[in-house]
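Engineer: What follows is each chain in one-letter form.
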Amino acid sequence: MENQLKENTQWMGARLERKEDLRLVTGQGKYLADIVLPGMLHAVFVRSEYAHAKILGIDTSAALETPGVVAVLTGDDFKTDVKSMRQPVLLPNLPAVYPEYFALATDKVKYHGDPIAVVIARDKYTAEDAAELVIVDYEELPVILDAEAALEPGAPQVHDDQPGNEMFAMTFTGGATEEEQRQNEAEVEAIFKAADVVVSNRFRVHRTGITPMEPRGVLCEWTMADGLTAWITTQRPHIDRLALIDILDVPGEKVRVIAPRDQGGGFGVKAPFFRENVVIAHAARKLGKPVRWIESRYESLMSVGQERDQVNTMDVAATKDGKLLAVRNRGIANNGTGQTGVYWGFVMPFLGQVEMPNVYTWEKGDVKLRVASTNKACLTPSRAFGHFPTRFAVERSVDMVARRCGLEPSDVRRKNMIPKLPYTTVTGEYYDSGDFLKVWDNLLTNIDLPAFRREQAALREQGRYIGIGFACGAELSGVASELLVPMENQPGYGAATVRVDPRGKVMIYGGDAPGGQGHETTVAQVVASTFGIDPKDSIVTTGDTGATPFGAGTIGARAGSYFVSAVHKACADLKEKITHVLSHDLDIRATVEEFAFINGEVIYLRDPSKKKTFREIVERIIMFPVNLPEGEVGGLEATAFFEAAKPMICFNGDFCIVEVDINTGEFKIKRWVTSEDVGNVINQNIVDGQMHGAIVQGLSNAVYEEFIYNEQGQQMTADFENYKLATAADVPDIELTYASTPCVHTPLGTRGIGEGRPSSVPGALSNAICDALAPFGVEITELPLRPSSLWAKIKAARA
Amino acid sequence: MELKQQIRINAPRARVFAALNDPVLLQQAIPGCEGLTEGEPGHFEATVAAKVGPLSARFKGNMQVQDLNPPVSYTLVGEGKAGPAGHAKVRASVMLEEDGSGTLLNYVVKADVGGKLGQLGGAIIDRTAQKLAGDFFARFEPLIADPATATADEAGATAVEAAAPGTTRQPTWGVWYFMAAVSLALAAWVLLH
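First to last, the sequence lines map onto chains A and B.
Position in the first sequence (first residue = 1) + 147 = the working numbering.
Position in the second sequence (first residue = 1) + 1224 = the working numbering.
No lab work stands behind these hints: they were computed from the structure.
Be careful, since some hints might not be right.
The calculated label-pair distances, taken between Cβ atoms and stated as ranges, are [unchecked claim]:
1) N240/A - K1228/B: 30 to 38 Å
2) S935/A - N1293/B: 27 to 35 Å
3) R933/A - N1293/B: 42 to 50 Å
4) D293/A - G1346/B: 20 to 28 Å
5) T811/A - P1255/B: 35 to 43 Å
6) D293/A - P1255/B: 24 to 32 Å
Pulled a few chain B residues facing chain A out of the computed Cβ check, cut under 10 Å [unchecked claim]:
7) R1237
8) R1239
9) G1307
10) P1308
11) D1336
12) G1339
13) G1342
14) Q1343
15) G1346
Just so it is clear, CB atoms sit at the ideal spot from N, CA and C, and this is done for glycine as well.
Modelling step: build the complete structure from the supplied sequences, incorporating the hints.
Structural biologist: And the structure:
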């Protein structure tokens, strides 16, 4: 590190090794399951084994009689002692029909895995055994699993207070009033009638999502002195705290939520506010002892990480020269029960339709969504939040337009790509800054397309089928308040407290809880770059509501966009003060711009002999605050909030090359190339890692993973034997290239990246497969991409 | 899960049909059956312990005979709960045909298995069902075998793709008893003539 300080004082863009990694790879991480409190009790949930049934009775006597069991709580305990989960702080500002529900199931169970009771015992083994002794008497009810069927009249009702099973419906185009919307529909229809080319398809994406390596957990302790301390595997401790206050009806000064310093991945799955938080907190209060629940993988696969599951009936109108004119989409999302706080499942498909137009200059759009309740687990946010299916549909449609027009799909994309930002899409999404064409042209430098087409033709003669597929995507870079307030009833600003200590070390406090993204390293690099110190002299603390400023959470790529901008702003405020005092001490008149913070020193640029070490000057201000300039007081700590002027994005383009075996339907990815606009980079290794991870998750989702329910609503994929994840052997080398434009709305020009990134993967991959199979006219409109279904399509085409 | 088999039983059809509806006999034949009682005629309650893959389950349930058409066919509808292991609903259609001195028993069983048992996957459940069926018939046939027609090599099951082990036939005590009785009778006849 010493050498690095002298040679590389610019930490921005560096490939610094992560500060987190040494402790993580040597088993010294501190995860929720590592936290042990004296007298801690262990909780195990009893969950429904039916998808839809009345609870006629729960017999807990055998469980209670088991030695070591301290308590068994059921839904009745939560209906009376604790408020419902449907609290304003957990409701989006969107017009949905929110069903009432409590922390445990009452009256009936609505999905296979619905929590019915909790057994609390002195050790987890006793709790597990006793949970098996709880006898639930069910009366089965008819099950409804298909979203479209759920919306039909006469379908079994999932929620008694949501007749028709429609959780949410919205029209995203045309205007606010019904009349404007109808007018818009008619105008769009007119475009379709007059268009040269119309492609219409029903795109279906299966139920899949993200499976973090670490499942959920909650540990709660109530003491007279401190009230409730809740450790939760959460991405948003500050929001969880508010929810606990409201649902348990506790004064806020008595509630503290701590997200453990280390978490094994969130990816959105740990962003909702879950019922288990309330159950464990209430149990701890009632029993006067700490209570801990660690989710099993089985529970996790039954209950969370399920997303996508949409049908998008999409029509695209274009000219014969491949100019896209209008898009009409009817989305239907399968929400499951909708019983998770903050998102209620439907916020994901909501955003999915908002982001559907992607980066194309549509003249008009007609976009509607309906979200249906079914007897499946509620959708939980999963990286590529809501738009994995809509991105797939659009990117496939663009390729079909290209094929109909006899044009190269990459040319059709370029021709229709938004040429200049800022831009507002037909669904009202704002793209702030960036150069899409630059990114796209950079992508194309990695392939000699004419040469590829020649190779493709030659191989076809030999009975071999290769193909190239393109896709691109504009992704959220953080979520501005103007979007997050309506969507999730939460603010989007970033917040950071920066505290300098007299020894020249810098402590940063942030309210968003990371799940492994490397925030400690990224932020330390920003601080080091700003103050001219070493990243190792900067310590980042996150996720403790008792110690950090308010943050809505680690969601939507907020860190690189909002959080580091707030850090930078707080550092900038402190630099002002430091240079003000230093100028005064040096008896010069100078502004902050006239100083360089470099190599651990603060140097007056006009006369470099006038300088102090960073440590000296900060010690002087904090410890010896005498003879300060007029109006200054000692101390060096600043809290800053950052809100971008406008919502921001990042952008990527991908292509992949595949070879398809037409005798088996198997395909192999030969190449995967990306071109990214990530704004200014802080840590190149971390950015690369984000891209690798996102593409792998996208591939795993598109090809291998699938949550399957049988006709009785029994969830069949609750272990990794049945829910297949891609392994290292299944993924190609990924070539990452960058063509960035600094973001104009952040002080460092950085963009938040990584959240939406998986979404262009299924489009690129299926486009490549369809390109390979073009001689057979195979068009893919459904995921997952299985060799068996490809083989069937090829066979049918050859018949 | 669906299981379809055909078994040949060395007993006349009427006897097989009666035996299949006899709770005393069924309790002996059903592997792991800890108790089987008949309430109203054709309504049975049973407790059966079984191991399905890695899970041990004790099913408590009821079965009901429907569409009784002796001695040709009937349907058995049942459901059982196995506590934490899960639950199952079963529907079996049984059809008997005369085959010489014996009977061809055709059955189709459809089962919906749920809870942890259901999540074991079709392969394990199918294998277990086949084994249980095989075990059942291995126990059932000797209980009703007609001494007049039973021989060591005729008494074989013709199950389709049965994975059930141990179906080699041992002559039952009944057969030895009969043979002893016949020998004695022959001896007596010889002596008396």
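Engineer: For each hint, tell me whether it holds in the structure or not.
Structural biologist: Right, here's what the structure says about each hint:
1. For N240/A and K1228/B, the Cβ-Cβ distance of about 57 Å falls outside the hinted range of 30 to 38 Å, so the restraint is violated.
2. The given range of 27 to 35 Å is broken by S935/A and N1293/B, whose C-beta atoms sit roughly 42 Å from each other.
3. Between R933/A and N1293/B the CB atoms are about 45 Å apart, so this pair conforms to the stated range of 42 to 50 Å.
4. At about 21 Å, the beta-carbon gap between D293/A and G1346/B stays in the expected band of 20 to 28 Å.
5. Checked against the given bound of 35 to 43 Å, the beta carbons of T811/A and P1255/B, roughly 42 Å apart, stay inside it.
6. Evaluation of the 24 to 32 Å hint for D293/A and P1255/B yields a failure: the beta carbon distance comes to about 39 Å.
7. Among the interface hints, the one on R1237/B is violated; its C-beta lies about 36 Å from the nearest C-beta in chain A, farther than the 10 Å criterion.
8. Given hint, R1239/B at the interface with chain A, is violated; its Cβ is 38 Å from that chain's nearest Cβ, farther than 10 Å.
9. The beta carbon of G1307/B comes within 6 Å of a beta carbon in chain A, closer than 10 Å, and the hint placing it at the interface holds.
10. About 4 Å separates the beta-carbon of P1308/B from the nearest beta-carbon of chain A, less than 10 Å, and the hint is met.
11. The beta carbon of D1336/B is positioned within 10 Å of a beta carbon in chain A (closest approach about 6 Å), and the interface hint is therefore held.
12. Interface restraint check for G1339/B: the shortest CB-CB distance to chain A comes to about 4 Å, inside 10 Å, so the restraint holds.
13. A hinted interface residue such as G1342/B counts as satisfied when its beta carbon comes closer than 10 Å to some beta carbon of chain A; here the least separation is about 5 Å, so the hint holds.
14. Satisfaction of the interface hint for Q1343/B is found here, the shortest Cβ-Cβ separation to chain A being roughly 5 Å, below the 10 Å cut-off.
15. Interface hint at G1346/B: satisfied, since its Cβ lies 9 Å from the closest Cβ of chain A, which is below the 10 Å cut-off.
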